[in-house]
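**Student:** Below, each chain spelled out in residue letters.
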Amino acid sequence: MNLADVSPTEGLSTVPSLALVLAIGVLFTGGIYLLLERSLTRILIGFILVGNGVNLMLLVAGGRAGGAPIVGITPEDEMSDPLVQAMILTAVVITLGLTAFVLAMAYRSWQLNGHDEVQDDLEDRRIARRAAENAPSYADEDAEATDTLDDEAPEVRDETSRLGREGDR
Amino acid sequence: MIDYSAQTLVPLPVVLPLFAAGLTLALWRYPRAQRIISVTTLSLMVAAAVGLVVAADSGPVVVNVGGWAAPVGIDLVADRLSALMLLVSSVVMLVVLLYSLGQGVADGDEATPVAIYHPTYLVLAAGVSNAFLAGDLFNLYVGFEILLVASYVLLTLGGTAERIRAGAVYVVVALLSSIIFLVAVALTYAATGTVNLAQLAIRLPDVDPGVQLVIHILLLLAFGIKAAIFPLSAWLPDSYPTAPAPVTAVFAGLLTKVGIYAIIRTQTLLFPDGRADDVLMVLGLATMLVGILGAVAQDDIKRLLSFTLVSHIGFMVFGIAMGTTAGYSAAIFYVVHHITVQTTLFLVVGLVERVGGTTSLDRLGGLARIAPGLAILFFIPAMNLAGIPPLSGFLGKVGLIEEGVRQGTVLTWILVAGSVLTSLLTLYAIVKAWNKAFWQTPPEDVQPVRLPRGMVGPTAGIVTLGVGLTLVAGPLYGYTDRAADTLTDGYTYVEAVFPDGATRGDGVSDDTDADDTVEIGGEG
Chain Y
12 MNLADVSPTE GLSTVPSLAL VLAIGVLFTG GIYLLLERSL TRILIGFILV
62 GNGVNLMLLV AGGRAGGAPI VGITPEDEMS DPLVQAMILT AVVITLGLTA
112 FVLAMAYRSW QLNGHDEVQD DLEDRRIARR AAENAPSYAD EDAEATDTLD
162 DEAPEVRDET SRLGREGDR
Chain V
2 MIDYSAQTLV PLPVVLPLFA AGLTLALWRY PRAQRIISVT TLSLMVAAAV
52 GLVVAADSGP VVVNVGGWAA PVGIDLVADR LSALMLLVSS VVMLVVLLYS
102 LGQGVADGDE ATPVAIYHPT YLVLAAGVSN AFLAGDLFNL YVGFEILLVA
152 SYVLLTLGGT AERIRAGAVY VVVALLSSII FLVAVALTYA ATGTVNLAQL
202 AIRLPDVDPG VQLVIHILLL LAFGIKAAIF PLSAWLPDSY PTAPAPVTAV
252 FAGLLTKVGI YAIIRTQTLL FPDGRADDVL MVLGLATMLV GILGAVAQDD
302 IKRLLSFTLV SHIGFMVFGI AMGTTAGYSA AIFYVVHHIT VQTTLFLVVG
352 LVERVGGTTS LDRLGGLARI APGLAILFFI PAMNLAGIPP LSGFLGKVGL
402 IEEGVRQGTV LTWILVAGSV LTSLLTLYAI VKAWNKAFWQ TPPEDVQPVR
452 LPRGMVGPTA GIVTLGVGLT LVAGPLYGYT DRAADTLTDG YTYVEAVFPD
502 GATRGDGVSD DTDADDTVEI GGEG
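So the protein sequences, as listed, match chains Y and V. If you're matching positions, the first sequence starts at 12 in our numbering and goes up one per residue. If you're matching positions, the second sequence starts at 2 in our numbering and goes up one per residue.
Please note: incorrect hints may appear among the correct ones.
Covered, in the sense of this in silico footprint (three residues per stretch, anywhere, with C-beta under 8 Å from a C-beta of chain V), are these stretches of chain Y [said to hold, decoys possible]:
#1 57-67
#2 104-113
#3 124-136
To be clear, the hints were calculated from the coordinates, so they are not data collected in a lab. We put the beta carbon where it would ideally sit given N, CA and C, even for glycine.
Please model the complete structure; the sequences and the hints are all you need to start from.
**Tutor:** In structure tokens:
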């Protein structure tokens, strides 16, 4: 169906309402800004904002609002799309569950550390630091002896040295 | 009266564990009952998956859930790929469950966190199965969410400081990927007016190529985060190693592969035009090399294995990116191999940690003397991972390299060279771990620990299974070849959902005028 063919009078148009599109934009902008923060609480708020933005997106995907999609109440070509609303409902429930979980996690983090920030992986940082120093990432027991061959040479009995002394004589 | 057929089996891998999860939650006071229920459920899942593997070999098995006809109703589709993935994943989950039961019995900590362990584990199983069976993009999303939420709980089990730190990274990344996936679902629905995979396969080619590309990239982005493809892989080695050994094992084996499975579906069913192949190929190469270089630098076995996990995802992406039947076949074979071997290695490392008291290669040593049996259990899957013939890792890599050479473009040759290099570096990394953990002089005196039989048994079982993959490699490759055939032919899946070119699946549907509900949202 071509957009130009749809006149507002026949059926429902697929052109979304500008207000919804703007709202999606604002929710995404704010949400993504907050997602970039380190505090879990802010990340959570960001997630909720973006989540709602996506829900609105789904709503827009279903076309313009019409009547209740119940046979007998609304003529078929004036019905809203019920499928997107079912999907939004599912997404809302999932978001709710995730919100509860992240809140619990943020609280636990606050209990343990006194803050709720996403922390660095210390082991990762340690490896990275050693790499920057060009040190081996692990202590090599076998390579513990750092002596060079020259250092070891005097300790070894050297038969050729006798030759040298013989030459001196 | 109910007719029992192969279709009866399709919903079982989702329904059974969900039901059992509720039951085990209700019976949280009775650990013994929980154990019996979980083991029985997962055994039944394995049985159902075996049935599906056989049934799907003679054509995809489709169920319109509740008798409502697709595309308005939800359909579950078990084709060869889904059934094979289901079988491998349920076997692996059963083995890991037995291992964790052995661990729980040995440690005697049958109390607190274990009470929620069983329900969560079963929900994870349901989520994984649902993702494999989903015949509908939104149901796939729901499957992902089920398994992710369960994985959040399992990863932060006990709520220690280290696990909360790892969990925060994991959860935030997973939330982001879920949002991206949902955006892709919304755009798909806006563009085509459907989320049914089979119907999408029919309608997407008519959509504007620009819009197609956006949807395609969004889907690959969402699945790429889950599959840990470079540059979206940094979260994995940060978060996996801190979880309990069985949890890490099942995550490493399954969760990334669900992402790979979704990518295979995207590439074959929704966008078979192969526009993203070159990009995927380059990303596959980067994943292999960056991952394995990370592994070489680590001195903790768990982290080392996490990095090899990321690295070997690159092999599967390579297979997918070649976009041919042989490529997909090798990729699917590699997935089967990799699920098994990676899970095995993490289970063995759990045993290593028990004996040595640590997973740091600096502080481990002399395990070959203390626990020679454990050394064997580690050595076999380690060599399998590195791809030493005749183990299954070698066979998978040969399949990929053969197809790469056959295609013979510059890019595939580079990938072939990259995969050989990655295999060698894997061998280097894993032999380093082997030498240091099992042969170096122990830095501190390690007392011999008696390993609980309940943990060694399942580990030995899955090691044997990994070796057994070599023995059945011929028939297995035959099966993956046929699976790849139906994936790439472009009509088997669609015709299975919509028999005889109908607009509705077989199920009850009052209104057979398919355009009615869907065209309201459609621009196409």
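**Student:** Hint by hint, say whether it matches the structure.
**Tutor:** For each hint, the structure was consulted:
1. Only residues whose beta carbon comes within less than 8 Å of a beta carbon in chain V count, and the region 57-67 of chain Y has 4; three or more means the coverage holds.
2. Counting residues of the region 104-113 of chain Y whose C-beta lies closer than 8 Å to any C-beta of chain V gives 5; at least three are required, and the coverage claim holds.
3. Counting residues of the region 124-136 of chain Y whose beta carbon lies closer than 8 Å to any beta carbon of chain V gives 6, which reaches the threshold of three, so the coverage claim holds.
Hint violations for this structure: none, all hints satisfied.
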